[in-house]
Amino acid sequence: MSTAALHAEHEAHHEHKESFISKYVFSMDHKMISKQFLITGIIMGMIGMIMSLLFRLQLAWPDDQFSIIEMLLGKWGVDGKLDPNFYMGLVTIHGTIMVFYVLTAGLSGTFSNLLIPLQVGARDMASPFMNMLSYWFFFMSSVVLLISVGVETGPASGGWTVYPPLSALDKAMPGSGLGMTLWLVAIVLFIVSSLLGGINYISTVLNQRTKGMSMNRMPLTIWAFFFTAVLGLLSFPVLLGAGLFLIFDRSFGTSFYLSDIYLEGVGALENIGGSPVLYQHLFWFLGHPEVYIILMPALGITSEVISNNARKPIFGYTAMIISLLGISFLSFIVWGHHMFITGMNPFLGSVFMILTLIIAVPSAVKAFNYLTTLWRGNLRFTPAMLFSIGLVSFFISGGLTGIYLGNAALDIQMHDSYFVVAHFHLVMGSAAIFGMFAGIYHWFPRMYGRMMNNTLGYFHFWITFITAYLVFFPMHFMGLAGVPRRYYQFTLVEDFDVWVDVNKLITVSAIIAGFAQLLFLYNFFISIFRGKKSAQNPWGANTLEWTSPIDVRLHGNWPGELPTVYRGPYEYSRPDREEDFFPQHIPDESAPEVLETEKSKKAPAEKEAEAETSVFFAAVKRVFGLG
Amino acid sequence: MNTKKKMKDPEPLVAPGKFNLWLLMLASSMLFASLVSAFIVHKPDAQAKSTWTAFDLPIFFLVSVFVAVLSSVTIFVAWKAAKNDELNTNKTFTALTLALGLLFCVTQYLGWKQLISLDLTLVNARPEDISASYVWMITGVHVLHVLGGLVLLSVALVKSFKLEVHKKNMTLMSITHTYWHFVGLLWIFLYLFLYFAQ
Amino acid sequence: MAAADVVEAPQEFNPSAWDWNTILTLSLILLVILVIARAFDIGSLTEKISGKRIVSSHKINGWIAIVFLVLGLIGVWYEMVYHGKYVMVGNAASEHGATYDSMFMWTFGFTFVVFIVTEVLLFYFMFRYSYREDRKALYYFHNNKLEVIWTIVPAIVLTFLVLRGFNTWSKITSSDNEDAQEIEVFAYQFGWKARYAGADGKFGDNSFTFISGTNPLGLAVEGSVDELTQSLNDEIAALEALVASADDSAAVWKARLVNFEAQGRQRAYPEEYKKIREMAMDAESGAYVRGLEKEIKRKSTNVKRIAKFRADEKMFNKAGYDDKVVTEIVLVKNQPYVFKFRARDVIHSAYMPEFRAQMNCVPGMSTQFAFTPIKTTDEARAEKGNPEYDYYLYCNKICGAAHYNMKIKITVVDNQAQYESWLAQQAPVVAPVEAPAAPVAPEAPAAPETPAVAIN
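Each protein sequence line maps, in turn, to chains D, W and P.
Quick note: our numbering has the first sequence finishing at residue 627, numbered continuously throughout.
Quick note: our numbering has the second sequence finishing at residue 198, numbered continuously throughout.
Quick note: our numbering has the third sequence finishing at residue 456, numbered continuously throughout.
Derived by calculation from the structure, the hints in this document are not laboratory data.
Only a predicted model underlies this, so the values are computations on that prediction, with no experimental measurement involved.
It cannot be assumed that every hint is accurate.
[To be verified] One side of the interface only, derived from the structure: several residues of chain P facing chain D at Cβ under 8 Å: (1) I64; (2) I66; (3) V162; (4) T214; (5) G218.
[Unchecked claim] What follows is a list of derived Cβ distance ranges for each label pair: (6) W/F55 x P/D312: 25 to 31 Å; (7) W/A48 x P/E313: 21 to 27 Å; (8) D/E579 x P/L31: 40 to 46 Å; (9) W/L102 x P/A402: 53 to 59 Å; (10) D/F347 x W/L102: 46 to 52 Å; (11) W/V41 x P/N415: 27 to 33 Å.
[Unchecked claim] Below are the DSS-like pairs computed for lysine-lysine, each with C-alpha atoms no more than 30 Å apart in a straight line: (12) P/K202 x P/K304; (13) P/K297 x W/K113; (14) P/K333 x P/K202; (15) W/K43 x P/K297; (16) P/K275 x D/K81; (17) D/K23 x W/K18; (18) D/K504 x P/K275; (19) P/K275 x W/K43; (20) D/K171 x P/K304.
In this text, a Cβ means the ideal position worked out from N, Cα and C, and glycines have one as well.
Model the full structure from these sequences, guided by the hints.
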């Protein structure tokens, strides 16, 4: 029996145990929906992680047998040996779960839902109903994906990118049968969920901000969620298009991606004229923005958490926004760097190389701004702060290797090697998951009205941080020595023998990291019920979410009038104030902001337009005027 | 517990429903953009392998264009009427638009039948007709959008008979109006694209 | 089979004990951490005891950061020394490899400096600015000059890297060398074949429709293609016979099912029962016949396509009869090559790390990569001190269960004569005199007299 199916069942029961269906299950309150996203995301994350540990066991001890593999996988782990087909399945589903279900829905779904209305001062999302649908589509999608792991022919196993023809021909590998069909169904449901969510996020941010919350007073979290939602809105439909063609090729016999194929044991197929590379173009048109859909919310959370815990304004607020904007824009025109060696026109390759390397500039600006924010701060090391700093560290280490991979020439050698695995696991995997942890530790009091245990958080952070580096750092060297990824074992290639010991180190580290997550789970679930009651504003933060009462469940967020905003979100340690923070909603009689707000009462629309133009001018100045 | 109704919050600049609709239309434009660009990217490739044939679009697809234009006019009249509280005109023209929408589906169906009679099926009877597969995919996805529009129109019609569509309750009518123009324009664009790009 | 595995497994790992013991140990450690954390909650201690702080979690974390930094740097150094030597740099076996390696080193130089500086700053700041109640952070919003500097400087560095990368890339991808010898590399699940042109220097034509057990590359060889047509026609006839008798067979399956159930054997033979039931259901619903008809259609399409090509004189010009299909690639040092890649089922990727070369092999599409080997296998063996060492071409695009074992040996020889004597030992696609119509399987052993002919 597969664990996945069990988990799905468990999850379903979990949801039904709650007594008030409208309150806890089909809730339209963004705060409840965010918790639903979070819990589902955590469960999916655990499943994805266990999968990775199983195939790590295989890589480290290819000749040994593990009773746990037989116990968990049944016929796919006969005699405690992982089946090669199922190895591919695990790799694929691990990637799918982590990329889409944990780091897209689990991260963006949780925190966009929680923070957008609370931080911009809205009663709820633009359409609470769509928001609810968004979660339930996501839930159905998760269930379908987990069911696909349990089907007889195994789950989809062509890698998370599911390139046809491998994924299009059910005779090409067992996983391309029913497992792949279910994978596609799951992804279509996921796209619907993501679009419903994204539409809401954008429209709430643009249309439903409270009085005084001009665009240039929005916290960077909101900016990041906003750009993320825009990326999702523009790129997920393209994945839907790619998926439609694939579904038709698989089930109805069209030839969009298929041409000139002879399959062992079947013979020559009828399909001609299709183009497998077309799929890659469509897929990566989503796929590349997707990595920023994953990373940007984490960066937004980090900006907020670092500024708050350094008790210092975030350095270069405008630059941070412009770099987010730059990254978002560029992410749409660099998809070709995943395809340098598909035989594409070399000139096109150079264009994609240039565009790709430009992304390093806004990324560098972000990294330096984080460093400067820490400089001469007064750093409070809450677990959230530690995870944010961990993110910055991963963002730098993993980002720098992107400069190698974005270079078409260097990519010839490094493409699909372990170097790539190391690169993206650091820069978008570990970094984004650390952003998610930072968010959970930071906003846990806002979600549940209680505090998490700090000391457990410290253990969780340091163990995870160290083991994550131990897992991914040596992989760079494997990749540079020419070790390909997605190999079931290396023992059949003599050259790779030296890496068996490294693989053992990696696997042991991964297992320790896995166990460290149990600390987090314990801390999270115990604290929901037993945690210390939180103060209204436990972190001394400036943003609006801490003004809405945290001890009452309130659909509508604020009991009375919506708060009015008087200044930007990062007024920490102002020299003229005794306290080291200055919440956005507290008026300051002497400050020019109040006068401005007085004016704005007459013509709020005008005021808003003014504020927006000022961001725009700052952007223009920055780009052209250099000062 | 819903405190929303009790208080006078500042009204958002645009009705949330309308704003969401625009974003939804943006998303589905991206879907069509992906289908259309797949067509553009694939064409030279398939031509090189001589697996691409250009063919005349069925005449009924052109009829669909006229139906789309006409129904855009009728929905506009209906919307305008609702705005001016001319409820009877609104009812008539909403119903007319619904009828034209159904007619659109019929002409699409006839167009497809015409394609089938020419052996230009979705799953190619002749492998060199990848172009036909694209025509089927694009028109198919578009008709799904039209069906969504028909659902909206039916709801709007029912509401207008219940006298729930008037000057002060325009959100549904505006959404239907905007969306119907969108699918109509989309069809005109797709027709011209398929006509010229083959 | 299972028993053999157990015997081979090293003794120190008694697997069933090993994994459970590990889990147990780690769980115990976790428990200890939990107890410590509950008993000794640093975070709450600092807040509870007003004014007086017993332990500062901020200070502790600051110190851990410094320790982590130092140990981390040592780890980086260790990796550089102990695993850095396996990194493929400075020892490329191809001509463009040197340009590639220098590009790599430039990139490495820049990124490594940035990596060290920023990470050191990050952890140093953690230590230096950890929380003190008597200090207030600097109210510092932005500094345009600084921000401009760190926009411009990376931009300049990247411009340099982009220009260099652009040069390297165009140098590697421009393959207009007319002296280059063409080699066709053919990928399939799960292996590689290479094809060398024969004495005429020309490759014979091919099509995926010609592929059969004896003609895995689908070459235009009359005998083999005619044989394939024949066997396809036979198969079609057999399938048609099955369709014709479908009604009978449906009755037979149904009877068998009823019989099976009547005898109550479902429980004893669940697998057989399932199969019979499926067959009976398929036969009744017509799925069985539809499946057969689909197969017939597929096969007859193939027959039709073959017939169309078969009439094409140009395609069947016998140019490919002297081609050599081989299971090892042999190259001559300093000779430029163009590799033409084909795949027959799914996407594969030909990865030759020692030569800094990689290219996807896509069904229905021809791709290529050109390079000049500059180091023979023997030289590489001497360099590595490993007399067994060989170059390989690996598959580097996920392609199925045996992806990890899909490789072909590449041997680089010193001179043309060695290469020619090797090539002469390989059998041509169609043996020249004995039987012109009968194709020889490429794997077939070489005809004994050919080496003598070729060495001259």
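### Query
Which of the numbered hints above does this structure break?
Per hint list: 2, 4, 11, 18 and 19 violated.
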